[in-house]
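Colleague: Chains A and B, in that order, give the protein sequences.
When we follow the numbering used here, the leftmost residue of the first sequence carries the number 171, and every step to the right adds one.
When we follow the numbering used here, the leftmost residue of the second sequence carries the number 14, and every step to the right adds one.
It is possible that part of the hints are untrue.
[As the list claims (entries may be wrong)] One side only, chain B facing chain A, incomplete, derived with CB under 10 Å: (1) 336; (2) 338; (3) 373; (4) 404; (5) 462; (6) 466; (7) 529; (8) 570; (9) 583.
[What the hints assert, rightly or not] No more than 16 Å apart at the CA atoms, straight line, and that leaves these computed lysine to aspartate or glutamate pairs for EDC-like: (10) 473/A - 595/B; (11) 323/B - 630/B; (12) 323/B - 631/B; (13) 297/B - 150/B; (14) 473/A - 596/B; (15) 235/A - 556/B; (16) 458/A - 589/B; (17) 473/A - 594/B; (18) 368/A - 412/A.
[Unchecked claim] Computed list of chain A residues with no C-beta within reach of chain B, every gap over 12 Å: (19) 298; (20) 340; (21) 418.
Source of the hints: derived by calculation from the structure; they are not laboratory data.
Quick caveat: nothing in here was measured; it's all calculated off a predicted structure.
Note that the Cβ used here is the ideal one computed from N, Cα and C, for glycine as well.
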Amino acid sequence: MILNKALLLTLTLASPNTENPIAHTHVTVANETPAALSAIFQGLQPEFYLRMRRPEPNIDRELDKGLPYVTQFMGIYNNLEAYPFASNAEYPPHLSAKTIAHLQIQERIALQSGIIRLVAQSQHPAAFDFLRDIISNDDEKMALRSTATRALANIQHENTQAYLQALLANPAEELRVRSAALQALAYFKTPEVLEQFKTLIWSNNTPELTRALVPALATLGTQQPLARGADLQEKVSALLAEFLLSSHDNTRHIQPNLLVQAFGRVPHPNTIKILKEALKSNQTQAQKQRIRSALRHMELAQKRTQTR
Amino acid sequence: MASLLIGFAACSDGAPDDDKAPNDTNVIVPNQSPLPAFNFSPATGAIPLQVFFDASETTDDADDLDNLLFRWDFDGDGVWDTEYGPNVNVDHTYILSGEFSPRLGVLDSEEAVAWTAQEGAISAYIDGLPPGSLIADLRVDTNRNGAIDDADDINENVFTSTSGAVYMPNLDDDDNNGERDGIDNQANPLLEIDEFSQIHLAQIQGLSPEHQVSLEISPQKAADRVRLYQLQSQSLELISDLSNNTILIPNEIIGEESLELLLEGLVGRSQFFNGEISLRLIIKEGYDILSQDHAIIKASPVFFPDNTQKGKRLYIMQITEPSASTNFAFYNKVQNNLPYPIELYDVDEYDYGWDRWTQDSMQTGYVESPGASGPIRYGFHLQVKRDTGNAGLEALLPTEVLAPDTGFIYPGGDYETSLNYGGNLEIVPPHSTANAAYPFGRIVVGGGDGGTLEGTTYEDHMDTNQRNWLDAQDVQGPSIELSSEWLAVGHLDEIFLFIPDYRPQSARPWKVIIASPTLAWNGLTDLYSQNLGHAKVFEGRQEQTTVSHILTDAELFYYNQAAQARIDSIRIQLEETLGLDDEDFIELPVLYEPLWYGGYDFALAYNPGVQNLIVADDVLFIPDPEGPRVGGVGLWKAQIESRLETLGFEIHFVDVFEPYHVMMGEAHCGSNFEREGFASSWWEQ
Chain A
171 MILNKALLLT LTLASPNTEN PIAHTHVTVA NETPAALSAI FQGLQPEFYL
221 RMRRPEPNID RELDKGLPYV TQFMGIYNNL EAYPFASNAE YPPHLSAKTI
271 AHLQIQERIA LQSGIIRLVA QSQHPAAFDF LRDIISNDDE KMALRSTATR
321 ALANIQHENT QAYLQALLAN PAEELRVRSA ALQALAYFKT PEVLEQFKTL
371 IWSNNTPELT RALVPALATL GTQQPLARGA DLQEKVSALL AEFLLSSHDN
421 TRHIQPNLLV QAFGRVPHPN TIKILKEALK SNQTQAQKQR IRSALRHMEL
471 AQKRTQTR
Chain B
14 MASLLIGFAA CSDGAPDDDK APNDTNVIVP NQSPLPAFNF SPATGAIPLQ
64 VFFDASETTD DADDLDNLLF RWDFDGDGVW DTEYGPNVNV DHTYILSGEF
114 SPRLGVLDSE EAVAWTAQEG AISAYIDGLP PGSLIADLRV DTNRNGAIDD
164 ADDINENVFT STSGAVYMPN LDDDDNNGER DGIDNQANPL LEIDEFSQIH
214 LAQIQGLSPE HQVSLEISPQ KAADRVRLYQ LQSQSLELIS DLSNNTILIP
264 NEIIGEESLE LLLEGLVGRS QFFNGEISLR LIIKEGYDIL SQDHAIIKAS
314 PVFFPDNTQK GKRLYIMQIT EPSASTNFAF YNKVQNNLPY PIELYDVDEY
364 DYGWDRWTQD SMQTGYVESP GASGPIRYGF HLQVKRDTGN AGLEALLPTE
414 VLAPDTGFIY PGGDYETSLN YGGNLEIVPP HSTANAAYPF GRIVVGGGDG
464 GTLEGTTYED HMDTNQRNWL DAQDVQGPSI ELSSEWLAVG HLDEIFLFIP
514 DYRPQSARPW KVIIASPTLA WNGLTDLYSQ NLGHAKVFEG RQEQTTVSHI
564 LTDAELFYYN QAAQARIDSI RIQLEETLGL DDEDFIELPV LYEPLWYGGY
614 DFALAYNPGV QNLIVADDVL FIPDPEGPRV GGVGLWKAQI ESRLETLGFE
664 IHFVDVFEPY HVMMGEAHCG SNFEREGFAS SWWEQ
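Using the sequences and the hints, build the whole thing.
Modeller: Structure below.
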């Protein structure tokens, strides 16, 4: 289709003498598979995405089809001068120039974000370095740095885990990046990650991290039935219960309903017992309400398992 | 001086009509008829005035006093206020000021009757205003019978379930000129009299030049929200200047005859004005108030019917333009199966730029006031804050739906977010909790500060102005906010919907259908365990995949775990707030996937969100989930049918995949219903 052809042609013209092998490669691919690539970029046609319920560019649905061309996409990420794809005439006529300029920026970010996730999913040998370069680039947009950090969950390697743990542990790092590191680490399912989370839940003093940490713990503690991964459910469930009952200052950093809903993802008989016992003890009404709600979440989760 | 009237009849009702009542003081005593007579005390006093009546001077040829029966018409309005009884001594308290002609009816043992009245014999006056004083008398339709009468003088300054006048916001278009009448200076008020509220200012006798008569309207802000007209023989004259909230009424007018005014509500209730207007007719001499009368009149709230109310009109955009993702299959299925007499209203695709999200631009409702032959209702819709640059459905209400007896209001707002839209505003059907009754249901809106499912801090809410306007209607609030900020579009209908439950044995006549990622996932896992992992999902679509492919997507699994936990949290909030339990929820199979915008994960239905359906009375149009088919049976379809058919519904699955689902909406998002109103009137509650 028009848009991707225009992009590829423009990129080629923009860097005719480039030494970048990636750029050369993508020109070749473009000539061979224009139809496949155009499908990937269909979502970036203004007339299409502006008609959607959320009129912002997004290419997530097309990402799967881009995996064979990941090398080329890495090249595109670093050669976006020719972006946006569409000429102003391809936007609805009622939009102002300012609006179109804003949309074009969003299109560029959407494309970059999509490429980041695509690269991460690809397991390409250069993927880790590609993403690390984005994360460590202080001039890069925060949205892209955090997206790249979160995308590292796809590269299940001990180096990746170590890198993410370092990001998370670095108090000088941006909170969005640290939160994204938390979210990514949850997918590693290792005792080391659990230990770091356990330390952090008591020691950190930033609400944003706590709000990311609780759902990340729930992810860490859930085992996908068809996937590998250590079963940390009991430990995570117990840690969440300890946290809920602790009245620690950090419990006030997260909305009560967010804290209790995490229990629904890691229901465990021991936790249910602990919380039921706690209900009998001297608790405030608000705390009793939180405990009851946590129990209800676990009850609903267990019921679904039992009624299958 | 009171005059004496006596009448008689045999075996008749004895009403004082022209055929029976003599018009002078002659006494004609037929054989066997009683001769009624009574005394009373006091004859005058301030209200409330208790008067003692004594009928012991009544005589009869055949019966002594003990064998006679008596009944009374204390105010002389021709309607007996008591049944026949043996008591010769009764008392009555006059709560209205005025002169009254008490009447006594007597029945003897041979069923001969007679009556006597004492015309103008009792004078009850307002404390401090003895007979002969100037009396201010203002009346509105306090008793809600559609007319002004003496009974409207009772409890006219309070608003209860049995008394209190009502007005409606006049924002329909009775003269069909394309402008809402309440903000249209060219409107013809004569066309709208039925929607105006009557105000009666009684003639004031005895005024002299030093007296001033005025009608005051309060609060101050009411002046901008109503218009007053004086009813003439052939016209309505606008009383234009309400700026100082006081209308001076010339003595030569109010001294000569009563005045009939009409009140036109302009905007009704809002967060800035609760809709209650106080009217006060005042007679002054200098700074001294000689007499005043006070009545209140209250604006109808705007009601939003819930899905259990009968459908009237269904708005859907039929899309035929090939480049705009056509919806032939969806539209035709609805058209062919819509229950009679629901009207299918085709919203023109070209006029509104293929903005197919008819649910988004408005929330349909009505306003209501009492009328002579029952409540009067007209369609009154909320135009939500939704800006598509005048390229979409913003124009639908003002240019197409606006009509005689159908109006709308736009509260506006400062903040543009998809959480303002109609799909993010649902109505809980009528219900009661342990603490309160909600006879018109309750508004729920989406929004919150719970962040994304991954745990990134994020907050979004419906525009405060719009939410406050909803709460100001009072009858379906206070609204409840439930977490929807984690969703890509941010609407509650992406999570749950309320539907009727037609089973007679059902404890509650409605249910909550709610998305369940776990149900959908477990169904796939069961297929996988039967070696059916190769079964296709979304077969034939660009997005086609398999059961195995879905189940091995770890991120999708954890994301749906998180979605289920968030949905459970919403469910528990519904349980606690509305007093619901497990029996009130029906889970339906829906998976979610993350869409990434600016580093944030927002959830979107992965398969067509089946709870996002159309309720057309006892017919459901459910998005076809396009799940795996085994032996010709769709897994998710079967799960849905087994849960919903037992409620008494006829089910039709509709194809929403291309024209709605991939564009981030489903069937409910692409439809909007006008429904019948609630069974009871709001003032009765």
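Colleague: With reference to the structure, classify each hint as holding or not holding.
Modeller: Outcome of the hint check:
1. 336: Hint holds; residue 336/B Cβ to chain A Cβ min 8 Å, cut 10 Å.
2. 338: Since the shortest Cβ distance to chain A is 8 Å, the answer is holds.
3. 373: Holds. Min distance 8 Å.
4. 404: holds, 5 Å
5. 462: Since chain A brings a Cβ to about 7 Å from residue 462/B, closer than 10 Å, the hint holds.
6. 466: OK, holds: residue 466/B within 10 Å of chain A, min 7 Å.
7. 529: holds, 8 Å
8. 570: holds, 5 Å
9. 583: Holds. Min distance 9 Å.
10. 473/A - 595/B: Satisfied, since the Cα-Cα distance of roughly 11 Å is no more than 16 Å.
11. 323/B - 630/B: Holds, because 6 Å separates the two Cα atoms, which is no more than 16 Å.
12. 323/B - 631/B: holds, 9 Å
13. 297/B - 150/B: Given that 16 Å is the threshold and the Cα spacing comes to 14 Å, the pair holds.
14. 473/A - 596/B: At roughly 13 Å apart (the allowed maximum being 16 Å), residue 596/B and residue 473/A satisfy the hint.
15. 235/A - 556/B: holds, 10 Å
16. 458/A - 589/B: holds, 14 Å
17. 473/A - 594/B: holds, 14 Å
18. 368/A - 412/A: Between residue 368/A and residue 412/A the Cα gap is close to 11 Å, so the pair holds against 16 Å.
19. 298: Per Cβ check, residue 298/A is outside 12 Å of chain B; nearest 18 Å; holds.
20. 340: holds, 18 Å
21. 418: holds, 18 Å
Of the numbered hints stated above, none is contradicted by the structure.
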